[in-house]
Amino acid sequence: MSSIYSFNAGEHDKVLVLVRDGEIEYAVEEERMNRIKSGDDKEWNFPLLAYEQIYNKTGIKLENADHVTSALAQYTFDLPIQSTFNLKKIPNEKYDHHFAHAASVYYTSGFKDDKVLIITHDGEGDYSYGKVFLAEKGVITEVSNLPVVKYSSAALLYGRVTVSLGWKINKDEGKTVGMAGNGSYDEKIYKYFEQIFHNNDDVFLPPNPEGKTDFLTKHLKKLGYYDTKEQKANIAYNVQLLVENEMIKYMNNIHNKYPEYTKLCLAGGLFANVKLNQKINELQWVDEVYIIPPMGDNGLALGCALHKSFLLGERQIKRLDDVFLGFEYTDEQIEIESKNYNFTREPYIPSEIANELNNGKIIGFFKGRFEYGPRALGARSILVRPTDHKTHEVLNNRLKRDDIMPFAPIVMSEYANDVFYASKSQYTAEFMTMCYTTKPDWVERIPAVIHHIDHSSRPQIVFKERNLHFHKILEEYNNLSHIPVLLNTSFNGHGEPIIDKPSQAFEHLNKGTVDMLVMENYVYKNKNTI
Amino acid sequence: MNNFNITFNSMPKINITGQIPAEYFIEIYEYVNEEKELITDFTIPTNNYICFLREWYGDYDIHIWEWNEKEGLHMVASHRYDDKNKKVLINLDTYHLHEALIWTNKAIEYRDIHGCELIIKSSFKKEELCVDSSIKIITELNDINEYYAIYNIGKYDTEFEWNKKLTETVLDKVWNKNRTYCSYRNPRDWHYISIDDVAGDILGLNEI
Chain X
1 MSSIYSFNAG EHDKVLVLVR DGEIEYAVEE ERMNRIKSGD DKEWNFPLLA
51 YEQIYNKTGI KLENADHVTS ALAQYTFDLP IQSTFNLKKI PNEKYDHHFA
101 HAASVYYTSG FKDDKVLIIT HDGEGDYSYG KVFLAEKGVI TEVSNLPVVK
151 YSSAALLYGR VTVSLGWKIN KDEGKTVGMA GNGSYDEKIY KYFEQIFHNN
201 DDVFLPPNPE GKTDFLTKHL KKLGYYDTKE QKANIAYNVQ LLVENEMIKY
251 MNNIHNKYPE YTKLCLAGGL FANVKLNQKI NELQWVDEVY IIPPMGDNGL
301 ALGCALHKSF LLGERQIKRL DDVFLGFEYT DEQIEIESKN YNFTREPYIP
351 SEIANELNNG KIIGFFKGRF EYGPRALGAR SILVRPTDHK THEVLNNRLK
401 RDDIMPFAPI VMSEYANDVF YASKSQYTAE FMTMCYTTKP DWVERIPAVI
451 HHIDHSSRPQ IVFKERNLHF HKILEEYNNL SHIPVLLNTS FNGHGEPIID
501 KPSQAFEHLN KGTVDMLVME NYVYKNKNTI
Chain G
531 MNNFNITFNS MPKINITGQI PAEYFIEIYE YVNEEKELIT DFTIPTNNYI
581 CFLREWYGDY DIHIWEWNEK EGLHMVASHR YDDKNKKVLI NLDTYHLHEA
631 LIWTNKAIEY RDIHGCELII KSSFKKEELC VDSSIKIITE LNDINEYYAI
681 YNIGKYDTEF EWNKKLTETV LDKVWNKNRT YCSYRNPRDW HYISIDDVAG
731 DILGLNEI
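Quick mapping for you: the protein sequence lines, in order, are chains X and G. Just so we're aligned: the first sequence equals residues 1 to 530 in this note's numbering. Just so we're aligned: the second sequence equals residues 531 to 738 in this note's numbering.
It is worth saying that the hints were derived from the structure and are not from the lab. It is possible that some hints are incorrect.
As the list claims (entries may be wrong) - Pairs of lysine-lysine residues, derived as DSSO-like cross-links and limited to a Cα-Cα distance of at most 30 Å, are as follows:
no., chain 1, residue 1, chain 2, residue 2
1, X, Lys257, X, Lys112
2, G, Lys614, X, Lys218
3, X, Lys501, X, Lys61
4, G, Lys600, X, Lys191
5, X, Lys112, X, Lys361
6, G, Lys543, X, Lys222
7, X, Lys229, G, Lys616
8, G, Lys600, X, Lys221
9, X, Lys188, X, Lys361
10, X, Lys279, X, Lys339
11, G, Lys600, X, Lys232
12, X, Lys188, G, Lys614
13, X, Lys191, G, Lys616
14, X, Lys171, X, Lys263
15, X, Lys94, G, Lys566
16, G, Lys566, G, Lys616
17, G, Lys651, X, Lys150
18, G, Lys566, X, Lys257
19, X, Lys218, G, Lys600
20, G, Lys566, X, Lys249
21, X, Lys150, G, Lys656
22, G, Lys566, X, Lys218
23, G, Lys614, X, Lys249
24, G, Lys600, X, Lys222
25, X, Lys464, X, Lys318
26, X, Lys472, X, Lys501
27, X, Lys150, G, Lys655
28, G, Lys600, X, Lys150
29, X, Lys501, X, Lys175
30, X, Lys318, X, Lys339
Throw the hints in and build the complete structure from the sequences for me.
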């Protein structure tokens, strides 16, 4: 039985994972600790703050771990940690970037008896934009590759377009997805981008997506194609459409080569694009899609650790129960921190909180261990009723955010298929990585959580057996409103990572970002605003 | 139409001249084991030039693109490196006769592979270099424009500040895609290879 530390020390998405005896014990992103959004942190560093806490809780020193793994095949493995730890005596194992992505999604897919097609795609890792793997009985085999010197990348095209729209690469691509929903088809714009990115069998051409996109968007800007909000939305729309169309061609071409592989695993930053994921999920030949919740480079360390664990015979191919793999705080710890504020505290009674939600209150939820990956799934979430058209504006004001993407819903699993066309790939939707179209009867009932034009939505399907407290609040809210849906957004202000500690939650209550806080077994309210 | 002049005098140089104001996107590719690989790109306006700071041989393919509203992105010029029957100057940058002799042999090997017209620049005389009459030896370089390509064979030290700085900048920004090199002049550190390989590296006769 082994302990495996695995880390990503790259320019973004630093993370530390501890797998012990085949189980994921901790997976902590450094951004939660150092409070610097991953996309803003450009240094190569070992995730030291995450390590200190994991070590404090488990007593496992990096030097004493049975194995240390990382996905830095092309770089000097020891570079980020040599000065901190003496790792020379223990086996350091590094894996290829895209293999690590593939392993992260495959070993958590639960597809243990299936032939599985794994597709990875991102803005570059180990000199590749993406790979295709076939997997069966735990063995992952690479069958195609997109070397950066020869081919193109949908993720890099998308990232550079995001930059051209005034946002940050590796951070704000979701805003482009959101903006795309407000645009419309423009043949000219579509063709301009198609010239610099298109599928050709199992590759994308022409090479150099970064240079060509920057050159193109610079000229489009000069000619006024970015002058208004509507024009920017058209750029986003046409690039989103192009990426969807070309990726679907790519998927179909791969399927034609391997028609018996109908279970699909996706990993890599591109698959944070939930609208693209929806299109893939809608392909007839796809039986089920699963996207690893930490789909970006924050998933690499997990992939390395799980692969190593599998090789040791300790890890099976099985589903994640949840991604609550961070740190938690007791009622006592929370109570101590609350003394710094003028708050009241009362026991948490779900029916009462459901009533407050039904009355329009914005409520922070701080329960258990915080999430691994980009989505807040109930441990550090803000819940709001989904019935108001104006909620988007109200929440953006409260959180001082400029989110364009519609807010996402949580839905009781029992009703997921009633509210959305969500019969396929429900496992991945437990982690909010898939869009579905809302059924017509529900469009007017839950306007705060669907896109007002295409009626798409990105639900988190909540199963009682795996997310009891979130299911309970939904159940209580449904009893009052006959709506088994709530709005769920991540608990953080503008530009900051999702919160970790009680004090960060209290600050939001103090500032009035939320009306009240559910923290473990108690509800906190601000005396000044009651 | 503007003029696109591409030369390889020590390094690839793309010079765009003319009357039409425009901006050009230049991509430099290299064939490695018959596979075309992107090395780098630049954007320059008319009446400007750029050099790709790498002084050793490359089987280059250079694409020059323009963008306009009617055609979108379109190629306006391209050039594949081809020195067959063209003048190639190989400069033996040494005062040591034994090095000059070894490098002369490598220069001849290059000529035989490429079918180019070889001119050697050296501080040594023809008799000292023991070459036949078909090879022209010069001691002074008057007009670089008469050559399709020029190569400097030498042991260039990265200890010199300007060389080190340039090398660091270029290595970080340009050559880090697929493989790393010692400097922009010697692909491998000459301290650790034979005299023979110093020239072989620069002339593309070795697998690096």
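Quick rundown of the hints versus the structure:
1. Taking the CA atoms of Lys257(X) and Lys112(X), the gap is about 22 Å. The hint holds against a cut of 30 Å.
2. Between Lys614(G) and Lys218(X) the CA atoms are separated by roughly 39 Å; this puts the pair beyond 30 Å, and the hint is violated.
3. In summary, the hint linking Lys501(X) to Lys61(X) is supported, as the alpha carbons are separated by about 24 Å, within the 30 Å threshold.
4. For the suggested pair Lys600(G) and Lys191(X), the alpha carbons sit about 11 Å apart, so the restraint of at most 30 Å is met.
5. As the CA atoms of Lys112(X) and Lys361(X) are separated by approximately 44 Å, the hinted pair breaks the 30 Å bound.
6. Simply put, Lys543(G) and Lys222(X) have alpha-carbon atoms about 28 Å apart, close enough for the 30 Å limit, and the pair holds.
7. Restraint check: the Cα-Cα separation between Lys229(X) and Lys616(G) comes to about 55 Å, which exceeds 30 Å; the hinted pair is violated.
8. The suggested pairing of Lys600(G) with Lys221(X) holds, with an alpha-carbon distance near 16 Å, which does not exceed 30 Å.
9. Proximity of Lys188(X) to Lys361(X) is assessed by CA-CA distance (about 46 Å); at most 30 Å being required, the pair is judged violated.
10. At most 30 Å may separate the alpha-carbon atoms for a hinted pair to count; Lys279(X) and Lys339(X) exceed this at roughly 50 Å.
11. Pair hint Lys600(G) plus Lys232(X) holds up; C-alpha atoms about 20 Å apart against a cutoff of 30 Å.
12. Restraint check for Lys188(X) and Lys614(G): not satisfied, since their Cα atoms lie roughly 43 Å apart, outside the 30 Å limit.
13. Restraint check for Lys191(X) and Lys616(G): not satisfied, since their Cα atoms lie roughly 41 Å apart, outside the 30 Å limit.
14. Using a Cα cut-off of 30 Å, the hinted pair Lys171(X) and Lys263(X) holds, with the two alpha carbons roughly 29 Å apart.
15. In summary, the hint linking Lys94(X) to Lys566(G) is supported, as the alpha carbons are separated by about 29 Å, within the 30 Å threshold.
16. Taken as a hint, the Lys566(G) and Lys616(G) pair is honoured in the structure, with Cα atoms around 23 Å apart against an allowance of 30 Å.
17. Taking the CA atoms of Lys651(G) and Lys150(X), the gap is about 37 Å. The hint is violated against a cut of 30 Å.
18. A hinted pair counts as satisfied when its Cα atoms are at most 30 Å apart, and Lys566(G) with Lys257(X) qualifies at roughly 25 Å.
19. A hinted pair counts as satisfied when its Cα atoms are at most 30 Å apart, and Lys218(X) with Lys600(G) qualifies at roughly 16 Å.
20. Pair hint Lys566(G) plus Lys249(X) holds up; C-alpha atoms about 24 Å apart against a cutoff of 30 Å.
21. Distance hint between Lys150(X) and Lys656(G) is unfulfilled; the C-alpha atoms sit about 45 Å from each other, more than 30 Å.
22. A distance of roughly 27 Å separates the Cα atoms of Lys566(G) and Lys218(X); the hinted pair therefore holds under the 30 Å criterion.
23. Restraint check: the Cα-Cα separation between Lys614(G) and Lys249(X) comes to about 42 Å, which exceeds 30 Å; the hinted pair is violated.
24. Distance hint between Lys600(G) and Lys222(X) is fulfilled; the C-alpha atoms sit about 15 Å from each other, no more than 30 Å.
25. Pair hint Lys464(X) plus Lys318(X) holds up; C-alpha atoms about 19 Å apart against a cutoff of 30 Å.
26. Using a Cα cut-off of 30 Å, the hinted pair Lys472(X) and Lys501(X) holds, with the two alpha carbons roughly 24 Å apart.
27. Among the hinted pairs, Lys150(X) with Lys655(G) is inconsistent with the structure: their alpha-carbon atoms are about 46 Å apart, more than 30 Å.
28. The suggested pairing of Lys600(G) with Lys150(X) holds, with an alpha-carbon distance near 27 Å, which does not exceed 30 Å.
29. Taken as a hint, the Lys501(X) and Lys175(X) pair is honoured in the structure, with Cα atoms around 27 Å apart against an allowance of 30 Å.
30. Proposed proximity of Lys318(X) and Lys339(X) is contradicted: the alpha carbons are some 43 Å apart, above 30 Å.
Of the hints listed earlier, those the structure fails to meet are numbers 2, 5, 7, 9, 10, 12, 13, 17, 21, 23, 27, 30, in rising order.
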